[in-house]
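Residue numbers (the numbering used here), protein chains in the order written: chain A, -16 to 239; chain B, -16 to 239.
What the hints contain is simulated information worked out from the structure, not anything from laboratory work. Please note that a few of the clues may not be correct.
Pairs count within a copy or across copies, as identical chains cannot be separated in the list.
Unchecked claim - Capping the alpha-carbon separation at 20 Å, the derived lysine to aspartate or glutamate pairs in EDC-like fashion look like this:
id, residue 1, residue 2
1, Lys146, Asp201
2, Lys181, Asp72
3, Lys146, Asp224
4, Lys172, Asp224
5, Lys158, Asp124
One letter stands for each residue in the lines below.
Number of protein chains: 2
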Amino acid sequence: MKNKPLILVTNDDGITAPGIRTLIEIMNEIGTVVVVAPDSPQSAMGHAITINSTLYCDPIKITDGPQEEYSCSGTPADCVKLAVNELLDRKPDLCVSGINHGSNSSINVIYSGTMSAAMEAAIEGIPSIGFSLLDFSWNADFNPIRKYVKKITEQALLNGIPKDVVLNVNFPKRKEDEIKGIKVCRQAKANWVEEFDKRKNPMGRDYYWLTGNFINEDNGEDTDEWALSQGYISIVPTQFDLTAHHSIQQLNTWSL
Amino acid sequence: MKNKPLILVTNDDGITAPGIRTLIEIMNEIGTVVVVAPDSPQSAMGHAITINSTLYCDPIKITDGPQEEYSCSGTPADCVKLAVNELLDRKPDLCVSGINHGSNSSINVIYSGTMSAAMEAAIEGIPSIGFSLLDFSWNADFNPIRKYVKKITEQALLNGIPKDVVLNVNFPKRKEDEIKGIKVCRQAKANWVEEFDKRKNPMGRDYYWLTGNFINEDNGEDTDEWALSQGYISIVPTQFDLTAHHSIQQLNTWSL
Chain A
-16 MKNKPLILVT
-6 NDDGITAPGI
4 RTLIEIMNEI
14 GTVVVVAPDS
24 PQSAMGHAIT
34 INSTLYCDPI
44 KITDGPQEEY
54 SCSGTPADCV
64 KLAVNELLDR
74 KPDLCVSGIN
84 HGSNSSINVI
94 YSGTMSAAME
104 AAIEGIPSIG
114 FSLLDFSWNA
124 DFNPIRKYVK
134 KITEQALLNG
144 IPKDVVLNVN
154 FPKRKEDEIK
164 GIKVCRQAKA
174 NWVEEFDKRK
184 NPMGRDYYWL
194 TGNFINEDNG
204 EDTDEWALSQ
214 GYISIVPTQF
224 DLTAHHSIQQ
234 LNTWSL
Chain B
-16 MKNKPLILVT
-6 NDDGITAPGI
4 RTLIEIMNEI
14 GTVVVVAPDS
24 PQSAMGHAIT
34 INSTLYCDPI
44 KITDGPQEEY
54 SCSGTPADCV
64 KLAVNELLDR
74 KPDLCVSGIN
84 HGSNSSINVI
94 YSGTMSAAME
104 AAIEGIPSIG
114 FSLLDFSWNA
124 DFNPIRKYVK
134 KITEQALLNG
144 IPKDVVLNVN
154 FPKRKEDEIK
164 GIKVCRQAKA
174 NWVEEFDKRK
184 NPMGRDYYWL
194 TGNFINEDNG
204 EDTDEWALSQ
214 GYISIVPTQF
224 DLTAHHSIQQ
234 LNTWSL
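Same shape as in the complex, but just chain A:
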């Protein structure tokens, strides 16, 4: 790439989150950065889009730097659609989403606003990466992973991401010198077992809070969960063709 790449930055924790501010700083070292991110936290929004309501999207400047920034009232996927189809003059060379405060490994990819933004970009033909750190705290320390975010992004620009594939990158919560390296993995087969905390509101009406435990029964050493537990960064190539091709033959034996 002769000129500086155009990089779209978004997330789901909202435009003021420390994770996206870190990501903007790193991307400013690599390319021309345009930020289009939600004006409020949108975690666990999955691939929601706004079709029955209006969207606001305003230029803003949260921190110093050469980046252009827009704050948007919609979901992460809305932000990408607005950026690509309304705000940017040309298709970006790369979309990066995150750095998410919290894991998007294994089944979390399904619920993740961070990954849905990255996936939306990939659907629109833009090479795309979602970054997540296994630390839910607003004050999470992103410094140990800066050099890895930069390295993975540079390798993606150099090699090209395979067509119709999005990278789901998760970082263990470790000191820089305790991170063992990077593993390309498959999505572990794990899931949440929910428990609902049932309470009464001040008017006496029952309501519920979702809580749950993460259960991983997948012992494979080629999974993202395994890599992260061992101190590696996991990269799962992720796709939006959801067809279970292997089961088509079996379904064709049904009497339909």
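Using the hints provided, position chain B relative to the given structure of chain A.
Quick look at chain B alone, frame taken from chain A:
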């Protein structure tokens, strides 16, 4: 199955939608039905879940019949989580979601609340089917597809749905005698090209409405789009392992 199967019914158009009322009637002919559905329309919610807010879920009765019904303030995925982990005494034998007013074929599966509910059930180990009719109208005519919904459901109960697979069933908008049959398909590679309608609100602030055109450049005759265009019902086996296994080898050639 010796006893009547326990069938969980949900949707994304809301508990009063004609599509789910039709689905409840059909399921009442097959099993013991419990309905847990959103109290308001939740289209295009993707796989959103409610983690930072409360959920209400109340017993209700919309139409006559033996079914038990609950109206829930959350997303389609929330409804399934609440049903399985809080409301039902045992894991249901089947979850059916829909009948959606509008298509969930090809890339629409990613944005679909109907399919996210079905997928949530599958993640929790419950055989699961999403049904959608290619008619966005609230007054869509579901009568031509009743016998097919019943047939597919009965076949699923008889044969068992392959593990970790959800069926994404779409019906063409046709008269009953013009429906040509059922095809097991792959998800077509198609996408939406968005256009935003930019307007000014009464206070003079810019806002946007999302609109778009559906573009299918996949000419394969094994796709859901092809089947539907020819008057067939499409069944796409759909999975929640999003790993692009075929690209792992290529990513392992990167200098990471």
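Here is how each hint holds up against the structure:
no.: 1; hint: Lys146 with Asp201; result: between (28 Å within a copy, 15 Å between copies)
no.: 2; hint: Lys181 with Asp72; result: between (50 Å within a copy, 16 Å between copies)
no.: 3; hint: Lys146 with Asp224; result: both (12 Å within a copy, 18 Å between copies)
no.: 4; hint: Lys172 with Asp224; result: both (18 Å within a copy, 8 Å between copies)
no.: 5; hint: Lys158 with Asp124; result: within (9 Å within a copy, 60 Å between copies)
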